[in-house]
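Go ahead and model the full structure; you've got the sequences and the hints to work with.
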Amino acid sequence: MAEKRITIRATRFDPEKDSEPRLQSYDIPFSDDSMVVLDALNYIKSHVDGSLSYRWSCRMGICGSCGMMVNGTPKLTCSAFLRDYYPRSVTVTPLNNFPIVRDLVVDMEDFMHKLKSIKPWIIRKQELPLGAGEHRQTMDQIDDFRQFSQCINCMLCYAACPVYGLDDKFLGPAAIALARRYNLDSRDQGIKVRLPVLASSDGVWECSFVGECSVVCPKGVDPAKAIQQTKLDTTMRFVLPYGNRE
Amino acid sequence: MSAEAKTSARTATKTYRPAMGAGWWTKKRHYFLYMVREFTALPLALWLLWLLYEIQRAGRGPAGYYPPRSTAFVIFSVICLLFALYHSFTFLKLAGVILHFKVLDKPVPSGLIVASQFGAWLVASIVIGAVLIGFGR
Amino acid sequence: MDFESYDVLVVGGGLAGIRAAIAVVEANPRLKVAMVSKVYPMRSHTVSAEGGAAAALRPEDSYENHAFDTIKGSDYLADQDVVEAFVREAPIEVIQMEHWGCPWSRDPDGKISARPFGGMTTWRTCFAADKTGFHMLHTVFQNSLKYPQIHRHDEAFVTKLLVEDGRCAGVVAIDMRSGRFDAITAKAVILATGGLGRVYAFTTNGNICTGDGMALAYRAGVGLKDMEMVQFHPTGLPFTGILITEAVRGEGGYLTNKDGERFLKRYVPNKMELGPRDIISRAMTTEFEEGRGFEGPHGKYMHLDVRHLGEEVIDRKLPFMRELGREFVGIDIVHDPIPVRPVQHYMMGGVDADISGVTPLAGLYAAGECANVGLNGGNRLGSNSLSECLVFGAAAGRAAAEYASSAKAVGANPVASMLGDETKRIEMDYLHKKSGDERIGVIREEMQLAMDAGAGVFRTREGLEKLTKQLGALRDRFERIKIEDSSRTFNTELMAALELDYMLEVADVITYSALAREESRGAHARRDFPERNDERFLKHTIAYRTDEISPRLDYRDVRITNFKPQARAY
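Protein chains in written order, with my numbering: chain A, 27 to 272; chain B, 94 to 230; chain C, 11 to 580.
Hints in this document: simulated from the structure, not taken from any laboratory.
Bear in mind the structure is a predicted one, so any value in this text is a computation, not a measurement.
We put the CB at the ideal spot given by N, CA and C, even for glycine.
There's no promise every hint is true.
Computed cross-link-like contacts, DSS-like style, restricted to lysine-lysine with a CA-CA straight-line distance of at most 25 Å [what the hints assert, rightly or not]:
| id | chain 1 | residue 1 | chain 2 | residue 2 |
| --- | --- | --- | --- | --- |
| 1 | B | Lys195 | A | Lys218 |
| 2 | C | Lys42 | A | Lys145 |
| 3 | C | Lys443 | A | Lys43 |
| 4 | A | Lys257 | B | Lys199 |
| 5 | A | Lys245 | B | Lys199 |
| 6 | A | Lys257 | B | Lys120 |
| 7 | A | Lys151 | C | Lys156 |
| 8 | A | Lys195 | C | Lys156 |
| 9 | B | Lys195 | A | Lys195 |
| 10 | A | Lys245 | B | Lys107 |
| 11 | A | Lys195 | A | Lys151 |
Partial list, derived from the structure: chain B residues whose beta carbon lies under 7 Å from chain A [claimed, not checked]:
| id | residue |
| --- | --- |
| 12 | Arg110 |
| 13 | His123 |
| 14 | Ile191 |
Simulated restraints on C-beta separations [to be verified]:
| id | chain 1 | residue 1 | chain 2 | residue 2 | range |
| --- | --- | --- | --- | --- | --- |
| 15 | C | Lys156 | A | Asp75 | 39 to 45 Å |
| 16 | B | Ile219 | A | Met262 | 29 to 35 Å |
| 17 | C | Lys549 | A | Ala158 | 54 to 60 Å |
| 18 | C | Pro39 | A | Met262 | 51 to 57 Å |
| 19 | A | Lys151 | B | Leu215 | 18 to 24 Å |
| 20 | B | Pro161 | C | Glu337 | 16 to 22 Å |
Take a look at the structure:
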């Protein structure tokens, strides 16, 4: 019985040699129904072309390393099954809206900078001493922010966001969702501290609610929801500034 | 130099920035529908301008003239009604995403919020429709 | 020539590394810390840890209880003074994490909750749903962004420790983006590079777990301790090796064989599914060998059944498991049993370090999975590792801070020549090599399969001796690898070659250490020596690098304080 084969097209770009990226085609065995796009890339690297460069680590959808465009949609290649594409070919390109460093590797520095800018840590007026034990918190209170705490920083949402594509000063979905995670945490008192970044012209108000970020998010974070809720929140704080929860 | 600037300077190499292209919104159905939603603002704005013009005509014109007499305006109004309905439909659906509040410590399901918005829309439409038709008579 | 110079340099950006960096700065805010990691910190393999972090927080618990469970779990190979210090620090660290925002799951009264776990005689495993490692890593990482003294070097691949005048003086690292070789100097270096699971074919570990720090220390003359102690977790998904957390059993899951029997009643009748990992992995392997396992396209497996727990419990306590089942196996664990088999998961062995992370090389510290401080001995209890990273990451950080506060910096000249030598070595041996006919991926896969077969759950002298020969042949072939990637920019093929170099090194150490330990203890099970032998082997194996193929093995007595070694039955 003839073995199944599948064609993978991957972006190649070496800044030392190339002025622009090109697609290279590989024809590989599709030997197991559980194979994912990442398995295909690994096969190419191990057996066909060792120079193909890409990021990956956990292969179980939790480290966020392996985000790439697969047939035009941002995906975690460790969870994109070849059987969903076969017998069509699979085109793998680097995440949209980011500068390409090499092959399928993009520059993440802008994202790292934005992550830090929303001050993603518990901010309190008065720190509790360690000896006092834990802050009391109920499971209901955790439910308030649980969804927004699931972000694995894979950046698929930035690749999907046309606003970020047109203007990379936009704070972006993941950063705003993380800000909301802290704003909603009952232990945090830092809403006012995060406000200037969130309510700035490059903050939540750049978002015109395309909503594609939430469609592509592999962990169900729903950053679009976080952004719209933050818009409402910041507006209410502006309109009714008195008696606001910290 | 800040830590970030140092890092960037350390690792700065030539990168490639692909251009986004003007046709980005034709690439995905979701993007296309989003552009339609945003686009609805334009026909609605034009409709309002035309309505104002027709009202002005009615003010100057022969006795008994009123805007629905102009067939072109009626056709255009129907088209704009479709755009307006799409706009309202998408906007109200999104209310479930934007609004969140709890009753008795349990979050209200978004489906219920959306249903209430459509309900309110229906009621408002009926009331306003009745008033306009009443005045028309 | 100017080199970037710091007070403390941390290699590795996982839970132990980040915790160490924060501890340095909190001990002395005037110190400058570099955190050098070959991946962005959020990608560190801590992120995949699921079950929880053990700490004796509850009033019905006690330090003595946690210590005894850990020591018995280690099959008495743990250094008991280290364990006793660990159990006292763990609760403090858990509270510290909570203050930093970690979303620990709670009891109805709002206090941090705890779940039962393997080998623990009371409920002491604190958890954040079933994504504890993910939440802990993101908490410490985001918290670390607060400290301007911590300078991150992301995607910098360390190739060598700088040693001058008998002290560790920093590292040579390749900046992945530019391909540039950098010497980063420091008065103290903390290794926190994690495990080495990728020397095995079937492992829960991610691609980055290649034993880098262990190999680096080994090459700098530091011993690797108890390397034969490799943990096989009972429940990994077939084919992928993705981890199914012990918490599934902690919440009440059953392990059943082909006959529908909860077979553990014949091996650990008192603890059943909550026995220690080494015993359960051996039980499952024995059941497979005796024909009572399910047969599948990806090997034999058992069923892990949580259907009786109900959807509400599963969604509240094990939502990520449900997601993994759906995504990677196409099952819904609410209605289907989970296929599982033993999988390499953790390395008890590691860099020879003491209770404060101090190694025999002045200025070099180690913490987390890459270190062996004497906590886990022959077998680690589940949920002790996340606590271990915090406790010993902090301890190493504080010790390094104290050392760096009074140490002198190393001169620039010796550093420059070391950097030059290392750059030449890698260029000659890898980048500029013209000939070569071996593929990195092929050698790596053969090593992994050989390790699975020869240094797995059960070992024999013949199997281990054969493995040493196989590894020797692979090392010879490695000298003839071909690197197709000639670019300096983000050359992941060079990185793969360097990682394979590290892996072949540590695989050798595992194999020779296992050959020499002629007993069965903890996770090291010899068919030819099935009994524990306290007379000969109540000692740590310490392997030192030599110019020959095999390491020089030394032995050091285990430190006993309050718990005399007994027979280990559950």
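Do the hints match the structure? See the list:
At roughly 23 Å between alpha-carbon atoms, lysine 195 of chain B and lysine 218 of chain A fall within 25 Å of each other, so this suggested pair holds. Only pairs whose Cα atoms come within 25 Å are accepted, and lysine 42 of chain C paired with lysine 145 of chain A is accepted, the gap being roughly 21 Å. Of the pairs offered as hints, the one joining lysine 443 of chain C and lysine 43 of chain A holds, with about 20 Å between alpha carbons and a cut-off of 25 Å not exceeded. Taking the CA atoms of lysine 257 of chain A and lysine 199 of chain B, the gap is about 23 Å. The hint holds against a cut of 25 Å.
Our distance criterion of 25 Å between C-alpha atoms is met by lysine 245 of chain A and lysine 199 of chain B, whose separation comes to about 23 Å. With a C-alpha separation of about 28 Å, the suggested pairing of lysine 257 of chain A with lysine 120 of chain B is violated against the 25 Å cut-off. For the suggested pair lysine 151 of chain A and lysine 156 of chain C, the alpha carbons sit about 16 Å apart, so the restraint of at most 25 Å is met. Between lysine 195 of chain A and lysine 156 of chain C the alpha-carbon distance is near 22 Å, which keeps this suggested pair within the 25 Å criterion.
This hinted pair does not check out: lysine 195 of chain B and lysine 195 of chain A have alpha carbons roughly 34 Å apart, beyond 25 Å. This hinted pair does not check out: lysine 245 of chain A and lysine 107 of chain B have alpha carbons roughly 33 Å apart, beyond 25 Å. For the hint pairing lysine 195 of chain A with lysine 151 of chain A, the CA-to-CA distance comes to about 30 Å; that exceeds 25 Å, so the pair is violated. For the restraint placing arginine 110 of chain B at the interface with chain A, the shortest Cβ-Cβ distance is roughly 5 Å, inside the 7 Å limit, so the hint holds.
This hint holds: histidine 123 of chain B has a C-beta 6 Å from the nearest C-beta of chain A, less than the 7 Å allowed. Contact between isoleucine 191 of chain B and chain A, as hinted, is supported at the beta carbon level, the nearest pair being about 4 Å apart and thus within 7 Å. At about 43 Å, the CB distance of lysine 156 of chain C to aspartate 75 of chain A agrees with the hint of 39 to 45 Å. The hinted window of 29 to 35 Å between isoleucine 219 of chain B and methionine 262 of chain A holds, with their beta carbons roughly 30 Å apart.
At about 43 Å, the CB distance of lysine 549 of chain C to alanine 158 of chain A disagrees with the hint of 54 to 60 Å. Under the hint 51 to 57 Å, the C-beta atoms of proline 39 of chain C and methionine 262 of chain A, about 38 Å apart, miss the expected range. Checking the proposed 18 to 24 Å range against lysine 151 of chain A and leucine 215 of chain B shows it is violated: the Cβ atoms sit about 47 Å from each other. Between proline 161 of chain B and glutamate 337 of chain C the beta carbons are some 57 Å apart, a value that contradicts the proposed interval 16 to 22 Å.
In summary, the structure is inconsistent with hints 6, 9, 10, 11, 17, 18, 19, 20 from the numbered list given earlier, while agreeing with the others.
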